[in-house]
Amino acid sequence: MRTPVTTGLIAATLIGALSLTACGGATVEDTGATATSVAPLDRAPRSTEASSEQSSEKEAEDADESAAASSSREPGPDRPAAPQPQDQGAREVDEVPAQEAARSPQDVDYLGALTDQDIDVAGVEDQLIGTATVVCNPEGTGIDQATVPAVAGQLVEQGRTDKSAEELTQLIVDNARQAYC
Amino acid sequence: MRDTASRSPQRRHRNRAWLAAAVLPTTLALGVSLAPAATAQSSGSSFSDQIRPSDPPQRTPISTEYPSVDNLPAGVEVDRVEWITDRRIAIFIKSAAMPGELIQVQMLLARDWHSSPDRDFPEVWALDGLRAREDESGWTIETNIAQFYADKNVNVILPVGGESSFYSDWQRPDNGKHYMWESFLINELIPTLDNGFRSNQKRAVVGLSMGGTAAMNLAQRHPHIFDFVGSFSGYLDTTSTGMPAAIKAAQADAGGYNSDNMWGPPNHQDWIDHDPKYGIENLKDMSVYVSAGSGTDDFGRPESVATGPANPAGIGLEVLSRMTSDTFVRKAREAGVEPIVHFRPSGVHAWPYWQFEMSQAWPHIANALQLSEDDRGVDCTTGGAIAPVAANASGTIGGCVTNEYPVGDDGARQDFRNGSVYWSPDTGAHALFGRIHARYQAVGGPSSWLGFPTTGEKTTPDGKGRYVHFENGSIYWTVGTDAWEIPGDMFNYWGTTGWEGGPLGYPTGAAEEINGGFVQPFQNGSVVRTPEGENHWVRGAIAAKYGELGTAAHELGFPTSDEKLIRGGAFQEFQNGNIYWSAGTGAHVIKYGKIFDAWGAKRWEQGEFGYPTADHAAIPAGGEVVEFQNGTIREIFGRVQEDLN
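Heads up: the protein sequence lines correspond to chains A and B, in order.
In terms of the numbering used here, the first sequence opens at residue 197 and continues consecutively.
In terms of the numbering used here, the second sequence opens at residue 471 and continues consecutively.
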């Protein structure tokens, strides 16, 4: 479902590029010649350009149509793969049906360590890994200071742990540093 | 002539911002407000920068009209409407809730706005992010929203401004302004749109990031007004541990705002009243759409929409959006509200994803607004004389969005994604687009004095300009001068100087009516139509002097000649005097009368007095005086007095 739309975006950019090209490449005609009696559009010199535009435009339109067709379809199951039943016990992370599958050894260590602390990471693995990324690379922005406690708060809010948000904050920071930094 | 989707994002801001961020102190305690960031300015800070739209090209407003909008709340009025393209307008509203500066709201006009002038349309409101700019919505700067909606029969409403505001009513002023966005949007904008801008009162509201939170708040706080609400990477839990602090940090970062001035300290009731997870009950009769990425950078993957690698802020903010959106969805389902959920398996906090979400949400928006199949997208054919012209220009104007419809006395028009084709029996079919088309629309199109186009858009020999000829005039455009219509007679007279290649250059404004005649400004002069219908031009220093005096409104009146070259300089005759110029003396006015006659008796500028060195002036004690190179001539009590140096 995403691919055609991506193509559509590319197509939209293509149309833009063409319009600029067409602007710059339009027929140059002496204004004097057209001043009083208006000359018809002089198409002859730009026939090759015009035909290439047409074919590009056709592609763009085709892409647009497929994008429209796909987006007008009712989406299938709207629920994401992510949220998993919450009443499961702690599990080995490599058993989680991960949508993107490939987890690095560091990911496995990090998620495993959090799971061992009785945190239900199922469905939020990517968010926890993203949190670890900003812990290790805040680039002086303060984004880590803003993100980690709020992520901890959401884990509590979603009933994924019995620990306090403060405790979780420290656990995430410590385990992220150990696994990635 | 510009396509928002084709603009290259300018990274200058971001680089500078990250540089500035790097020197900020980082001794910040967990959960504590990021106080040092509060001193950062909008343009030089850190972590919400990737959602700040880049600088759009500077544009000159091209038209202003003054619609009257009835039945607005006291103190609210539409100040003016500017046409940006023929399908995009900027409405400037005098607000009672936020007095002071005018509030700008841009609007992408529904597909059939021009072809069905009696029809009202549903609206899609698109709210901006934390770093909303004062000049233009991020949606039009960073996404293809105008192109996407070009074939859809909804008006897209884009409030402009409100950096860090959450489109909320703030408790107190901050940063020199007192945000009252919710009051403005609900109490002032809605009646404005209902009364003056063809709303059928069915509304969807969507937003990204801060705008996602705000869309949810507006929908929950005014459920009778909206049929659809969409949050794209919004923060849908604002009160759980850590979120008030995160929002506080983000607002401090985006413009140096203090959350305490918005909703009070974190335990204040206002925070709860603006927490989307607590307002779900009010969404039961509404279509609810929630999307977010995962916080994983997918730049470079074949299916990715990302245009660059993610930065830590983009990851962190999307993690918060996703986690809080997930919390919201769980609460919604518990409350019996089933949102349409698009949680993407990757993606960070950035515009390309929100452009994608805009297209994903559309079919659901169309359902909620009960749009007919025809109103949802393209269903048109191109035929007759328009077809070959449209095909030839398709690279520029794109596919059709309407069928042809009658315009003017005897012609037809068909709208395309980025332009229109106009046809009449006398003129044939021609394609218009870009700023020239917008100007044509603003002037009144085929029903105006211009009539139908007689050419398509052409390029001037210097390569800098574009022009279109019409039945009774022309429109010329360059990047620096914008697009301006020139009446046919004035166009022809401009032609006697060599058009844009001559001394006058390109037009820089419309012809202004003065005392029954017209004066049109050009880069280096003006072209004039006298009340008697004669044409003249003024140029260079004489034109500058004439302009400084107010052109034909000055007592000099209209020119009665063009500029005449004379030994040592030039002069030009007007109804009530002349302007003389030489390189050494500059341009100066001398009125007809006794001084002029006395000077003339001495062979004018060629005689012993030489050129005037100052404008004809009044003597405070009574009388008039003109200073010349070699003397002075005065008229006092009707008597002329000549003094040579």
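By construction, these hints were calculated from the structure, which means they are not laboratory data.
These figures come from a predicted structure and were not determined experimentally.
Wrong hints could be hidden among the right ones.
Interface residues of chain B toward chain A, partial, derived using beta-carbon atoms under 7 Å [said to hold, decoys possible]:
{"no.": "1", "residue": "I660"}
{"no.": "2", "residue": "S764"}
{"no.": "3", "residue": "A783"}
{"no.": "4", "residue": "R792"}
Covered stretches of chain A (chain B as the covering partner; in silico rule of three or more C-beta atoms under 8 Å from a C-beta of chain B) [as the list claims (entries may be wrong)]:
{"no.": "5", "region": "302–311"}
{"no.": "6", "region": "314–326"}
{"no.": "7", "region": "340–350"}
Computed list of chain A residues with no C-beta within reach of chain B, every gap over 10 Å [claimed, not checked]:
{"no.": "8", "residue": "E353"}
{"no.": "9", "residue": "D358"}
{"no.": "10", "residue": "T365"}
{"no.": "11", "residue": "L367"}
{"no.": "12", "residue": "R373"}
{"no.": "13", "residue": "Q374"}
{"no.": "14", "residue": "Y376"}
{"no.": "15", "residue": "C377"}
Glycine is no exception: its CB is placed at the ideal position from the N, C-alpha and C atoms.
Okay, the hints, checked on the actual structure:
1. I660: violated, 28 Å
2. S764: Where the cut-off is 7 Å and the nearest Cβ of chain A is about 4 Å from S764 (chain B), the hint holds.
3. A783: holds, 5 Å
4. R792: Status holds, d = 6 Å.
5. 302–311: Violated - the region 302–311 of chain A has 0 residues with a Cβ nearer than 8 Å to chain B, which falls short of three.
6. 314–326: Satisfied; 6 residues make the cut.
7. 340–350: Coverage by chain B holds for the region 340–350 of chain A (11 residues, Cβ < 8 Å).
8. E353: Violated, because the least Cβ-Cβ distance between E353 (chain A) and chain B comes to about 4 Å, which does not exceed 10 Å.
9. D358: About 14 Å separates D358 (chain A) from the closest Cβ of chain B, which puts it past 10 Å; holds.
10. T365: violated, 6 Å
11. L367: holds, 13 Å
12. R373: holds, 14 Å
13. Q374: holds, 18 Å
14. Y376: It holds; Y376 (chain A) is separated from chain B by about 13 Å at its closest Cβ, greater than 10 Å.
15. C377: holds, 13 Å
The structure is inconsistent with the numbered hints 1, 5, 8, 10, although it conforms to all the rest.
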